[in-house]
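Student: Letter by letter, the chains look like this.
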Amino acid sequence: MKSILEKETVRSGATTAPLLRELVEHLRLHRTELREEWARRITEAELLTAMSDAEIFAEATSVYDNYVAALETGTFEALQTYSQNLSERIIPRGVETHEVVGIVLLLRDVLARSLFAKYQSDFQLLNRILDAYEPAANRIANTVAVGFVQERERIIREQQEAIRELSTPVLQVRERLLILPIIGVIDPQRARQLTEQLLRAIRANRARVVVIDITGVAAMDSHVANHLVQTVEASRLLGATVIVTGLSPEIAQTLVKIGVDLGKMNTVGDLQGGIEEAERLLGYKVVPSDALSQLPGLREEAQ
Amino acid sequence: MPVQNPDVDADYWIPVASVSDIVTARQQGRELAERVGLAKGEATLVATAISELARNIVQYAGHGDISLRIATNRTHAGIVVVARDRGPGIVDPDLALRPGFSTSGGLGLGLPGVRRIMDEFRIESNPRDGTTVTVTKWKV
Amino acid sequence: MAVPILKQAEYLIATIQSALTDEDLISLQRALVEKVGKFRSRGVIVDVTSLDVLDSFASRTLRDIAHIIRLRGAETVIVGVQPEVALAMVQLGITLEKVATALDLEEGLAYLDKKLRHARSEP
Numbered sequence: 001m002k003s004i005l006e007k008e009t010v011r012s013g014a015t016t017a018p019l020l021r022e023l024v025e026h027l028r029l030h031r032t033e034l035r036e037e038w039a040r041r042i043t044e045a046e047l048l049t050a051m052s053d054a055e056i057f058a059e060a061t062s063v064y065d066n067y068v069a070a071l072e073t074g075t076f077e078a079l080q081t082y083s084q085n086l087s088e089r090i091i092p093r094g095v096e097t098h099e100v101v102g103i104v105l106l107l108r109d110v111l112a113r114s115l116f117a118k119y120q121s122d123f124q125l126l127n128r129i130l131d132a133y134e135p136a137a138n139r140i141a142n143t144v145a146v147g148f149v150q151e152r153e154r155i156i157r158e159q160q161e162a163i164r165e166l167s168t169p170v171l172q173v174r175e176r177l178l179i180l181p182i183i184g185v186i187d188p189q190r191a192r193q194l195t196e197q198l199l200r201a202i203r204a205n206r207a208r209v210v211v212i213d214i215t216g217v218a219a220m221d222s223h224v225a226n227h228l229v230q231t232v233e234a235s236r237l238l239g240a241t242v243i244v245t246g247l248s249p250e251i252a253q254t255l256v257k258i259g260v261d262l263g264k265m266n267t268v269g270d271l272q273g274g275i276e277e278a279e280r281l282l283g284y285k286v287v288p289s290d291a292l293s294q295l296p297g298l299r300e301e302a303q
Numbered sequence: 001m002p003v004q005n006p007d008v009d010a011d012y013w014i015p016v017a018s019v020s021d022i023v024t025a026r027q028q029g030r031e032l033a034e035r036v037g038l039a040k041g042e043a044t045l046v047a048t049a050i051s052e053l054a055r056n057i058v059q060y061a062g063h064g065d066i067s068l069r070i071a072t073n074r075t076h077a078g079i080v081v082v083a084r085d086r087g088p089g090i091v092d093p094d095l096a097l098r099p100g101f102s103t104s105g106g107l108g109l110g111l112p113g114v115r116r117i118m119d120e121f122r123i124e125s126n127p128r129d130g131t132t133v134t135v136t137k138w139k140v
Numbered sequence: 001m002a003v004p005i006l007k008q009a010e011y012l013i014a015t016i017q018s019a020l021t022d023e024d025l026i027s028l029q030r031a032l033v034e035k036v037g038k039f040r041s042r043g044v045i046v047d048v049t050s051l052d053v054l055d056s057f058a059s060r061t062l063r064d065i066a067h068i069i070r071l072r073g074a075e076t077v078i079v080g081v082q083p084e085v086a087l088a089m090v091q092l093g094i095t096l097e098k099v100a101t102a103l104d105l106e107e108g109l110a111y112l113d114k115k116l117r118h119a120r121s122e123p
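Chains as they are written, first to last, in this note's numbering: chain A, 1 to 303; chain B, 1 to 140; chain C, 1 to 123.
Please keep in mind that the hints were generated in silico from the structure rather than gathered at the bench. The C-beta atom is built at its ideal place from N, Cα and C for all residues, glycine as well. Do not rely on the hints blindly, as some may be mistaken.
[Claimed, not checked] Residues on chain B that point at chain C, a partial pick, calculated with CB under 10 Å:
no. : residue
1   : G41
2   : T44
3   : I70
4   : I117
Isolated chain A (complex conformation) (with noise of 0.2 Å):
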């Protein structure tokens, strides 16, 4: 049994260093049956079972490499980006997170038990190659599940960013009157999206009214609902006024827990409605149908 010391001795950098070196020349040197074996595992264990045995075999080569550069240098930032790159390309293939940790822990046993055959005749020196080597394999396997997680994570906020501004258009409908029609649940960060669209569309068509409908919102926290009132004081400093129309009672009741004067803010009960405010305050006339029938010309041209 080996005394503590003596152990922290065989970690440190200067010893550790020859044997990494040593092992890394046994990786090397039976690269191909390694590999194979490895690729073997993956298929016994159902991993990666959305890619091809072809397109494994691409990838377990250059995952190898680079796991084995790793051991080599010691260094891990360019296995990181490795792992990142690897990543967006297998993403997209339908690659979960518990194949990738998956495969890098059986090259990581593969490798090991390849020393273990190598080094048994040895059990002291086999120790000390173990010593070396299992640091430096955790920290791989780390690193790579770590860029892989990452660039999941990114990629999901890619596709957040890009649903919500499909679902917040911005509707044009007459010149200087925008419409904001908004369903759904509106997280904080949907909400400052939503802002920030709404004032570019305000400078990008001049508009000077604007009608936000909530009537597709179920409810709202009163964080959410601070923001409405900040697009709607934004809005204003931008010289648009806003409607605001589809207010239910649970909303209206948020907005005046939060210290909203309801009497100040421009309300009215349905989208139409707030269509026919916004024209007005344009200066259009609103012409109900059944008036047009009273004038004169038209009557005799509906008979």
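Using the hints provided, position chains B and C relative to the given structure of chain A.
Tutor: Using the frame of chain A, we list chains B and C on its own:
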């Protein structure tokens, strides 16, 4: 005349003693924020917060300094602003020295607003040492 | 740095530069009051398009300017608030309450024309 020593870890250090220093401080803040990669809107928030904090220094303490630093955590980059002065401190008994200070309004120094627009906000203030406000904005 | 003020018919147009100091704002206030009196202007447009930060002091001063100008019988419109600046302002909790705002110079002039036309037609 600034009395504090420059913060050696800061990327920018601006002594604040007059109203024109307010403009300098916020311009540096915007520049650093954009260098870190913050979007225009976020950089504007940083510059606005700096403007408020610098103005507080000039109005209530006469002089002080603002240091700006790039911050990184595991996943993001951001900018840290530290506004320091040796002024009279914040005297309101409801607010001074309370950890996790969270009231809104009442200070009259625009600090609740600054707290709203920044991601992290910390204030230490007492009559002996003056006031230090530390705020952070992370890149989204 | 002094803020340039142009006279356009019965309006004054003040265009603010980005590096606006507190003193610049105070001078602007004095200059506008003086010129409104001198030219009997009916409207004042303050163009803040170049302003990248509008903090609580600037907001208070603009409100004061509008108030004083109104006492002199003229209407003030703030134009050109940038989207990011507008967002920062509302989040900070500063408003330009009771001060008219418009998108840009063109909108500002249209607003003043409409407002003054109504004022003239009143008995």
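Student: Evaluate each hint against the coordinates.
Tutor: Hints and how they fare:
Nearest Cβ of chain C to the Cβ of G41/B: about 4 Å, under the 10 Å cut. The hint holds. Hint status for T44/B relative to chain C: holds, with the closest Cβ pair at about 4 Å, below 10 Å. The interface hint given for I70/B is broken, as the beta carbon of that residue sits about 20 Å from the closest beta carbon of chain C, more than 10 Å. Satisfaction of the interface hint for I117/B is found here, the shortest Cβ-Cβ separation to chain C being roughly 5 Å, below the 10 Å cut-off.
The structure is inconsistent with hint 3 alone, although it conforms to all the rest.
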